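Protein chains: 2
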Amino acid sequence: MPEDKADFEERTISSREGFSGRLLRLRVDTVELPDGSRATREIVEHPGAAAMVPLTEENEVLLVRQWRHPIGQVSLEIPAGTLDAGESPEDCARRELVEEIGYWPGKLRKLGAINVSPGYSNEVIHVFLASELRRYGQEQGDEDWRPDADENLQTVAMPLGEAVRLCGGPEISDAKSVAGILLAWESVQGQA
Amino acid sequence: MPEDKADFEERTISSREGFSGRLLRLRVDTVELPDGSRATREIVEHPGAAAMVPLTEENEVLLVRQWRHPIGQVSLEIPAGTLDAGESPEDCARRELVEEIGYWPGKLRKLGAINVSPGYSNEVIHVFLASELRRYGQEQGDEDWRPDADENLQTVAMPLGEAVRLCGGPEISDAKSVAGILLAWESVQGQA
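For the protein sequence lines, the chains are A and B, in the order given.
My numbering applies: residue 125 is where the first sequence begins, and numbers increase by one.
My numbering applies: residue 125 is where the second sequence begins, and numbers increase by one.
Isolated chain A (complex conformation) (with noise of 0.2 angstroms):
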């Protein structure tokens, strides 16, 4: 059995881009395995994100609707949004939050940090708990200020509890959000 890491790295012989669009890049590399054989690996690189869970001090949970063409449906998940270059996963939450459901939050805590499908990609999710919550409009003095007009989201507010129940089911789907609402159940269980 390998025991550490020099007994299961792959190096690197060679790269070559596969795709490069606007959110996405893709890479096949050539790599040596531990026993000297070769295989092929194939990387949708992508520059990370951020993902809250934002809870209201009436323990709801703020989840947004919208339309994922991937999968063909709507889906309902905690906001999130990628890093933009060089900002840091707690800047990236403050502004999403913002950004999608019109919230700024008084405290972020980190929950963890997912890596979304480590077979065939490297995309990394920092995961908060957010809390304290205050309309973004009402602090900034503008009562007409609304999220981003171009996300079409639907904000939905549920019982944290009642989020939990959805979760891997047909309303709850999206890995980061069943991941994160359970990480903040535990969370927020463990501190009861």
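Derived by calculation from the structure, the hints in this document are not laboratory data.
Be a bit skeptical, because a hint or two may be false.
Which copy? The list can't say, so a pair holds if one copy fits it or any two copies do.
Unchecked claim - Cross-link-like lysine to any residue pairs, in silico, SDA-like; alpha carbons within 20 angstroms at most:
{"id": "1", "residue 1": "K231", "residue 2": "R259"}
{"id": "2", "residue 1": "K231", "residue 2": "I195"}
{"id": "3", "residue 1": "K231", "residue 2": "E182"}
{"id": "4", "residue 1": "K231", "residue 2": "Q190"}
Just so it is clear, the structure is predicted and the values come from calculations on it, not from any experiment.
Given the structure of chain A, go ahead and fit chain B onto it with the hints provided.
What follows is chain B alone, placed relative to chain A:
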């Protein structure tokens, strides 16, 4: 606010292949949004997968350690594998459990289905709780049977509660594993 699918749905205008490899295909769709404007969507096409939370009678979960080239690190994950053409998620779950850890599940219970990354991938992972585990080699009368040598996997057993505590941290960061372990935990707690 949009209220039903018609208010959200994006209609595909045209589609082209961006990449076609051994495991992955990537297509680029031009879509028309509900407001009539157009956008491009980059979509990783994946055949889907099954992932299993194998639970022993002692309430230990069996995990696999393996090198994950895209993230450049060793990753501790629940066993999982890609669906063969025409294969049901249940059959894939049984096959992969034998191939990866050498156990046959007497009982499989669906915990849910998760979309890995619905913003840019169509991959769905069917997640099962696998119990009543029997050593595959013993059942076949072949004491020397070993899990698939090609996979370069190491099996790690730990109490389910300990795996829950590691979820989201550096030890267990894989999204399907975080989701699967926490779904199993909720399910087992609910039955206690």
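Results for each hint:
| no. | hint | in the structure |
| --- | --- | --- |
| 1 | K231 x R259 | within (14 angstroms within a copy, 48 angstroms between copies) |
| 2 | K231 x I195 | neither (33 angstroms within a copy, 30 angstroms between copies) |
| 3 | K231 x E182 | within (16 angstroms within a copy, 39 angstroms between copies) |
| 4 | K231 x Q190 | neither (26 angstroms within a copy, 36 angstroms between copies) |
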